[in-house]
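Asker: In this note's numbering, the protein residues as written are 3 to 175.
Just so you know, the hints here were simulated from the structure itself, not pulled from any lab data. Check before you lean on any hint, since a few could be wrong.
Claimed, not checked - In silico BS3-like pairs for lysine-lysine, Cα to Cα no more than 25 Å straight-line: (1) 15 / 76; (2) 15 / 94; (3) 94 / 131; (4) 94 / 125; (5) 94 / 76; (6) 15 / 125.
To be verified - Derived Cβ-Cβ restraints for the label pairs, each shown as a range: (7) 112 / 73: 26 to 32 Å; (8) 7 / 90: 48 to 54 Å; (9) 49 / 74: 30 to 36 Å; (10) 74 / 13: 39 to 45 Å; (11) 44 / 69: 28 to 34 Å; (12) 50 / 131: 45 to 51 Å; (13) 90 / 173: 38 to 44 Å; (14) 76 / 173: 25 to 31 Å; (15) 61 / 174: 31 to 37 Å; (16) 168 / 95: 35 to 41 Å; (17) 65 / 45: 30 to 36 Å; (18) 65 / 15: 19 to 25 Å; (19) 166 / 35: 20 to 26 Å; (20) 61 / 98: 21 to 27 Å.
For glycine and all other residues, C-beta sits at the position ideal for the given N, C-alpha and C.
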Amino acid sequence: MPDEVRLQSLEAKAFGIILPMGLRVDEVQLTSGPARAETDPFRLFLDQPGRILAIIEETSVAEYLNELAPGGLKGFTVACADEVIRINAIAKILFEVAVEAELTLVVEDERRLMVVLRSAEVKGADARKLVEGQLDRINPIFDVKDFPVPMRIERVEVRDQAIWVHGLAYAPA
3 MPDEVRLQSL EAKAFGIILP MGLRVDEVQL TSGPARAETD PFRLFLDQPG RILAIIEETS
63 VAEYLNELAP GGLKGFTVAC ADEVIRINAI AKILFEVAVE AELTLVVEDE RRLMVVLRSA
123 EVKGADARKL VEGQLDRINP IFDVKDFPVP MRIERVEVRD QAIWVHGLAY APA
């Protein structure tokens, strides 16, 4: 039977978590009140829900999209600011053209982050149909079922060159 250790509070950080679908979460911060830990094997239990913050930097989103290559798009660059994700990529139709898109994120069922298209252009022309057709390959961009800590998403912010996912962590953690 494992030994048990009581904690008055908990603060933990993890870096570079690669989710099963390939997206890297650059930093996770977990804070909670009382908790307990079991040894051999190590397991952690929260007495009450804790606060969790997952930060996904724009470079991680770009790497994920370049690996996924939805619709043959390539050369992704990503900029996160003011609640908008701006994406630039190259599409090959008959020849290579630059594609620009503005996206937002929506929390669905406290479990998933869904990418929503605001606008898309190819050399000044509307490219909404081109980009909308690829969103099914991207969505959800974040799903708590793939996350190593049981959690619910409360809100998401797009700012400071990153996506900030705020939520509650649940026991066992």
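Asker: All hints, please: hold or fail.
Answerer: Cross-check of the supplied hints:
Straight-line distance between C-alpha atoms of residue 15 and residue 76 comes to about 33 Å, which puts the hinted pair past the 25 Å bound. A C-alpha spacing of about 41 Å is found between residue 15 and residue 94, which places the hinted pair above 25 Å, so the restraint is violated. Restraint check: the Cα-Cα separation between residue 94 and residue 131 comes to about 15 Å, which is no more than 25 Å; the hinted pair holds. Annotation: proposed proximity of residue 94 to residue 125 holds, straight-line Cα distance about 13 Å (limit 25 Å).
For the suggested pair residue 94 and residue 76, the alpha carbons sit about 9 Å apart, so the restraint of at most 25 Å is met. Distance check on the hinted pair: residue 15 and residue 125 sit about 43 Å apart at the alpha-carbon level, beyond 25 Å; violated. Judged by the Cβ atoms, the range 26 to 32 Å given for residue 112 and residue 73 holds: they are separated by roughly 30 Å. With their beta carbons about 50 Å apart, residue 7 and residue 90 fall inside the hinted range of 48 to 54 Å.
The supplied range of 30 to 36 Å is broken by residue 49 and residue 74, whose beta-carbon atoms lie about 50 Å from each other. For residue 74 and residue 13, the Cβ-Cβ distance of about 44 Å falls inside the hinted range of 39 to 45 Å, so the restraint holds. Under the hint 28 to 34 Å, the C-beta atoms of residue 44 and residue 69, about 32 Å apart, fit the expected range. Between residue 50 and residue 131 the beta carbons are some 47 Å apart, a value that agrees with the proposed interval 45 to 51 Å.
One distance hint, 38 to 44 Å for the beta-carbon pair residue 90 and residue 173, holds here, with the actual separation near 42 Å. The hinted window of 25 to 31 Å between residue 76 and residue 173 is violated, with their beta carbons roughly 43 Å apart. At about 32 Å, the CB distance of residue 61 to residue 174 agrees with the hint of 31 to 37 Å. Here the CB-CB span from residue 168 to residue 95 is close to 39 Å, well matched to the stated 35 to 41 Å.
As the Cβ distance of residue 65 to residue 45 is approximately 32 Å, the hint placing it in 30 to 36 Å holds. Under the hint 19 to 25 Å, the C-beta atoms of residue 65 and residue 15, about 21 Å apart, fit the expected range. At roughly 22 Å, the beta-carbon separation of residue 166 and residue 35 lies within the given 20 to 26 Å, and the hint holds. At about 23 Å, the CB distance of residue 61 to residue 98 agrees with the hint of 21 to 27 Å.
The structure fails to meet hints 1, 2, 6, 9, 14 from the earlier list, while all remaining hints are met.
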